[in-house]
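2 protein chains.
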Amino acid sequence: MMDYPLLLKSILYRAHTVFPEKEIVSRDYSGIFRYTYADLYKRVCRLAGALDRLGVQAGDKVGTFAWNNHRHLELYFAVPCSQRVLHTVNIRLFQEQLVYTINHAEDKVLFVDEDLVPIIEGIADQLPLVQAYVIMTDKDSLPDTTLKNVYLYEQLIADGPDVYEFPSFDENTPAIIGYTSATTGMPKGVVYTHRGLYLHCLTTLVGELGSDERDVTMPIVPMFHVNAWGRPFSDTWVGAKQVYPGSRPQPEDFCELIHNERVTFSAGVPTIWMGILNHVRANPGRYDFSCVRYFLSGGSALPASLTEAYEKELGVRLYQGYGQTETSPVTFVCFPKSSLDDLPESEKYRLRTKSGLLLPGLEMKIVNSEGREVAHDGKEMGELLLRGPWIINEYYKDPEKTKEAFADGWFRTGDIVTIDENGYLQVIDRTRDLIKSGGEWISSVDLENTIMAHPDVLEAAVIGIPSEKWQERPLACVVLKPEAKGRVKKEDILKFLEDKVAKWWIPDDVVFIDEIPKTSVGKFSKKTLREQYEQGKLIKFNDPHVPFRH
Amino acid sequence: MMDYPLLLKSILYRAHTVFPEKEIVSRDYSGIFRYTYADLYKRVCRLAGALDRLGVQAGDKVGTFAWNNHRHLELYFAVPCSQRVLHTVNIRLFQEQLVYTINHAEDKVLFVDEDLVPIIEGIADQLPLVQAYVIMTDKDSLPDTTLKNVYLYEQLIADGPDVYEFPSFDENTPAIIGYTSATTGMPKGVVYTHRGLYLHCLTTLVGELGSDERDVTMPIVPMFHVNAWGRPFSDTWVGAKQVYPGSRPQPEDFCELIHNERVTFSAGVPTIWMGILNHVRANPGRYDFSCVRYFLSGGSALPASLTEAYEKELGVRLYQGYGQTETSPVTFVCFPKSSLDDLPESEKYRLRTKSGLLLPGLEMKIVNSEGREVAHDGKEMGELLLRGPWIINEYYKDPEKTKEAFADGWFRTGDIVTIDENGYLQVIDRTRDLIKSGGEWISSVDLENTIMAHPDVLEAAVIGIPSEKWQERPLACVVLKPEAKGRVKKEDILKFLEDKVAKWWIPDDVVFIDEIPKTSVGKFSKKTLREQYEQGKLIKFNDPHVPFRH
Numbered sequence: 001m002m003d004y005p006l007l008l009k010s011i012l013y014r015a016h017t018v019f020p021e022k023e024i025v026s027r028d029y030s031g032i033f034r035y036t037y038a039d040l041y042k043r044v045c046r047l048a049g050a051l052d053r054l055g056v057q058a059g060d061k062v063g064t065f066a067w068n069n070h071r072h073l074e075l076y077f078a079v080p081c082s083q084r085v086l087h088t089v090n091i092r093l094f095q096e097q098l099v100y101t102i103n104h105a106e107d108k109v110l111f112v113d114e115d116l117v118p119i120i121e122g123i124a125d126q127l128p129l130v131q132a133y134v135i136m137t138d139k140d141s142l143p144d145t146t147l148k149n150v151y152l153y154e155q156l157i158a159d160g161p162d163v164y165e166f167p168s169f170d171e172n173t174p175a176i177i178g179y180t181s182a183t184t185g186m187p188k189g190v191v192y193t194h195r196g197l198y199l200h201c202l203t204t205l206v207g208e209l210g211s212d213e214r215d216v217t218m219p220i221v222p223m224f225h226v227n228a229w230g231r232p233f234s235d236t237w238v239g240a241k242q243v244y245p246g247s248r249p250q251p252e253d254f255c256e257l258i259h260n261e262r263v264t265f266s267a268g269v270p271t272i273w274m275g276i277l278n279h280v281r282a283n284p285g286r287y288d289f290s291c292v293r294y295f296l297s298g299g300s301a302l303p304a305s306l307t308e309a310y311e312k313e314l315g316v317r318l319y320q321g322y323g324q325t326e327t328s329p330v331t332f333v334c335f336p337k338s339s340l341d342d343l344p345e346s347e348k349y350r351l352r353t354k355s356g357l358l359l360p361g362l363e364m365k366i367v368n369s370e371g372r373e374v375a376h377d378g379k380e381m382g383e384l385l386l387r388g389p390w391i392i393n394e395y396y397k398d399p400e401k402t403k404e405a406f407a408d409g410w411f412r413t414g415d416i417v418t419i420d421e422n423g424y425l426q427v428i429d430r431t432r433d434l435i436k437s438g439g440e441w442i443s444s445v446d447l448e449n450t451i452m453a454h455p456d457v458l459e460a461a462v463i464g465i466p467s468e469k470w471q472e473r474p475l476a477c478v479v480l481k482p483e484a485k486g487r488v489k490k491e492d493i494l495k496f497l498e499d500k501v502a503k504w505w506i507p508d509d510v511v512f513i514d515e516i517p518k519t520s521v522g523k524f525s526k527k528t529l530r531e532q533y534e535q536g537k538l539i540k541f542n543d544p545h546v547p548f549r550h
Numbered sequence: 001m002m003d004y005p006l007l008l009k010s011i012l013y014r015a016h017t018v019f020p021e022k023e024i025v026s027r028d029y030s031g032i033f034r035y036t037y038a039d040l041y042k043r044v045c046r047l048a049g050a051l052d053r054l055g056v057q058a059g060d061k062v063g064t065f066a067w068n069n070h071r072h073l074e075l076y077f078a079v080p081c082s083q084r085v086l087h088t089v090n091i092r093l094f095q096e097q098l099v100y101t102i103n104h105a106e107d108k109v110l111f112v113d114e115d116l117v118p119i120i121e122g123i124a125d126q127l128p129l130v131q132a133y134v135i136m137t138d139k140d141s142l143p144d145t146t147l148k149n150v151y152l153y154e155q156l157i158a159d160g161p162d163v164y165e166f167p168s169f170d171e172n173t174p175a176i177i178g179y180t181s182a183t184t185g186m187p188k189g190v191v192y193t194h195r196g197l198y199l200h201c202l203t204t205l206v207g208e209l210g211s212d213e214r215d216v217t218m219p220i221v222p223m224f225h226v227n228a229w230g231r232p233f234s235d236t237w238v239g240a241k242q243v244y245p246g247s248r249p250q251p252e253d254f255c256e257l258i259h260n261e262r263v264t265f266s267a268g269v270p271t272i273w274m275g276i277l278n279h280v281r282a283n284p285g286r287y288d289f290s291c292v293r294y295f296l297s298g299g300s301a302l303p304a305s306l307t308e309a310y311e312k313e314l315g316v317r318l319y320q321g322y323g324q325t326e327t328s329p330v331t332f333v334c335f336p337k338s339s340l341d342d343l344p345e346s347e348k349y350r351l352r353t354k355s356g357l358l359l360p361g362l363e364m365k366i367v368n369s370e371g372r373e374v375a376h377d378g379k380e381m382g383e384l385l386l387r388g389p390w391i392i393n394e395y396y397k398d399p400e401k402t403k404e405a406f407a408d409g410w411f412r413t414g415d416i417v418t419i420d421e422n423g424y425l426q427v428i429d430r431t432r433d434l435i436k437s438g439g440e441w442i443s444s445v446d447l448e449n450t451i452m453a454h455p456d457v458l459e460a461a462v463i464g465i466p467s468e469k470w471q472e473r474p475l476a477c478v479v480l481k482p483e484a485k486g487r488v489k490k491e492d493i494l495k496f497l498e499d500k501v502a503k504w505w506i507p508d509d510v511v512f513i514d515e516i517p518k519t520s521v522g523k524f525s526k527k528t529l530r531e532q533y534e535q536g537k538l539i540k541f542n543d544p545h546v547p548f549r550h
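Quick note, the sequences are listed as chains X and C, same order. If you count the first sequence from 1, position 523 lands on 523 in our numbering, and the numbers rise without skipping. If you count the second sequence from 1, position 392 lands on 392 in our numbering, and the numbers rise without skipping.
Chain X extracted, bound-state conformation (with noise of 0.2 Å):
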């Protein structure tokens, strides 16, 4: 066979090649953009073109602090294609995050959305390696800035030819950096290469759950989060209509796009797809969602509840996905097998519920804690390890993170697991957060999940406390609906978990807090929790009897 390198041009190439007429959507600063895929080819050739003129060398670092919007996606092939290194930088990191994430990957532009430039202003002091910003908008002129040597990007790409000679280099050449928001210390960097985004965008689009050119596709999740599961890279090889929804979306924007345009596939994670499902409720007879093929949903837990009552009440299939940061992040999605086609409507939201099956060209292994492989029973519990060519084998300059991580060969993903007898991965929770208690585990996810399926509870997370009988026991944070707080009372919560979880599991105490401490990302940051059990400070919105406190 010939010696052909898996690069990311080659996905460009097939689009502009192919499908030269189909259309890309862009929610812009001042209204809808629309463009093709030729034209799309025509910007990204003269954008690695102006990125020469800016002296940016082959494995230079290129940040990008944007939404997704059609700038962003062709900085996603300008960049790498190229031979440079896109950097997503997370818009939602904390200020000392960006400012230690940016100078690590040693980024040498940085490209801003015009909304987000007074962020980059905050902190552009302490950035010295960073040497040129450039203002993404569709405005004709600077926006006023305290930045130094700025460059509108539509003037920067204006001059210069519509081709580009991508040129050809090893498949193993990083492409992509991103940071996982870590729930310890600062963020991990992970380096995506050629090879690696090539085989994983192609292998999402085998059979149930791939898009194709008749799909309207949207990715809702960002792009600055692992490279929004490979939906820009994937979805242009196949030629399908994008639609991207640009700065600061909210509901009634994505409603707008999927009614307008027609989607038929978007990716996302839970609390959105709550978002939208609540706004469609408030407004009755506005959208027509006959269009959607399905969603997939992933990013935390999908809740069964939620998944029916997308297809109850909106007539759309929620699938679930399953990854990390480190894999790229898509290993694991959840469709019925024809074999439970039988199944009844209530085991069927069950099983979407669960993580879902393997994707072609990974392999796994769960391990007990004594490293032994579990049974595929749906119950014994292990550590889900993972292999294959999108699993990074090393944080980036992090030799020592690195080493906590990986074990012979296999990425540790920190998730506590079971299989079924049908293959179905379900994620239990992450091993820092399983409570062991009198040498069993208990799944904090699912009090968690069952918890907030009281009818006044807003939010939930259960924590490990020390004990010195049990090693540890589960103490429950919990946010009331406003409506509740004073009304219910603990023992209402415990009584509620009475028939629905193993005796044992029932939490030790219940602590009526006003918000469960979030991460950059959105998800609960039990350590946040923990660390203010440490301090004393749980009981601050507490009733004042709680006997665990001291």
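These are calculated hints, taken from the structure and not from any lab test. Built from N, CA and C at the ideal position, the CB exists for glycine as well. One or more hints might be untrue.
What the hints assert, rightly or not - Simulated coverage check for chain X against chain C, where a stretch passes if three residues somewhere in it have a Cβ under 8 Å from a Cβ of chain C:
no.	region
1	3 to 13
2	327 to 341
3	385 to 395
Given the structure of chain X, go ahead and fit chain C onto it with the hints provided.
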């Protein structure tokens, strides 16, 4: 990213891990045989162990001389996954070609289907390198045979453990070797690597024409012919139910299997589709094909009339793919783009006769006789060059033919094509079959198709014959339907063409013959016709007054 090789064992791993319960159906000698992917895996492991015991080393060639059945599928995995090389010997080759290919590949063991043993017996004394023969049958004792060192497949794999540690190795390791049925000289060897097959088979699963877990697939295209277009690997990867039609299948067998097993997808050549159509027409009401999603046709041009008949009479969509032995084989697939939905019906059927759109991961170049790239206008003709990860870069042990077929890293397909503004490729002719007349090209294929539309014509082939004035001129070799013989004259054929092709395309003459000579895979052998013409033999069945003979 992990340094994780792309190996075929990855396909087997997913199938038995994720889809252990899914079914494989095989038309065996004594009836329909059924088992699961879990069973397949165990038997593949035992087969690999048996090859160890037979002393077959890494890199050794293992030949198969077999139909499409489950034992052949087991060999597809056991041989390459254990680092040996599978040689799928083409059972339709002529005797001297069989001897040549088996010796040229240096097959050490030959697996032979029960009913094909007599063919091998006839050449065994010319196969000095074959150390053992294994007979594939469900009978429990060896048939009478003159072969030496003979094993019974089922006895060979009866012993040994159900597990096998398939090794990891360089993804560029050879997995399968096949031979093209060359039109000149002996067949040419083509080696497929693990990486090449992995990427080919994964890519053919993408988009409109992919199969998935809910499919029931039946490869009609033989497993001894370009890996059955990769279907055994692709369909195993996604956990589809697979149906193998077994020994000497007739249209009735295909129809029974489609109807009984609820086949949703199949792949084969146009003559097979014609045979199935005729059988269904002859048995109205007997078969229900409503289960079929679509059939894929390839190997030779798909007539619009056949596509239309399938759609209108059987309710089945027939799509066309394009490729060569040298390209693994699939490189283009023809599906209707959404932007062409408004075409009139007749135009849609015409579109289906095109070779289609380039697959993800490949690059094409279409160059005219001066080496300049042609316009994408559906008119300008040029030779198709291809490159990509599943295109060969040499013929096995044949530097001379290798030199002819490659130029600057591109594979020269030898096909003269056009490409239109929508990216659809159309094959006009083989380079060597094009007729060069007065500095212009005449497509022999176009002329043949037009002549074959005459109601009295069974088959027609057009060749170029030398002309002092024009360089070459077309000669039509026509086979009339039995009832038309003697009645239809060459003037009738020429008149029929008058309003259908350009005047200068009209053949200088027509010869009526009894049959078009065919290659070993059933294609028109124009080489033979040209030789017959040169030897003055083409007049044999002809009107004695044809002026051009001499």
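| message | At least three residues with a C-beta closer than 8 Å to a C-beta of chain C: is that true for the region 3 to 13 of chain X? | response | holds (count 6)
| said: Three residues or more, CB to CB closer than 8 Å: is that satisfied between the region 327 to 341 of chain X and chain C? | reply: Coverage by chain C holds for the region 327 to 341 of chain X (4 residues, Cβ < 8 Å).
| query | With a cut-off of 8 Å between beta carbons, are at least three residues of the region 385 to 395 of chain X near chain C? | reply | That given contact holds, which follows from 7 residues of the region 385 to 395 of chain X lying within Cβ reach (below 8 Å) of chain C.
Of the numbered hints listed earlier, not one is contradicted by the structure.
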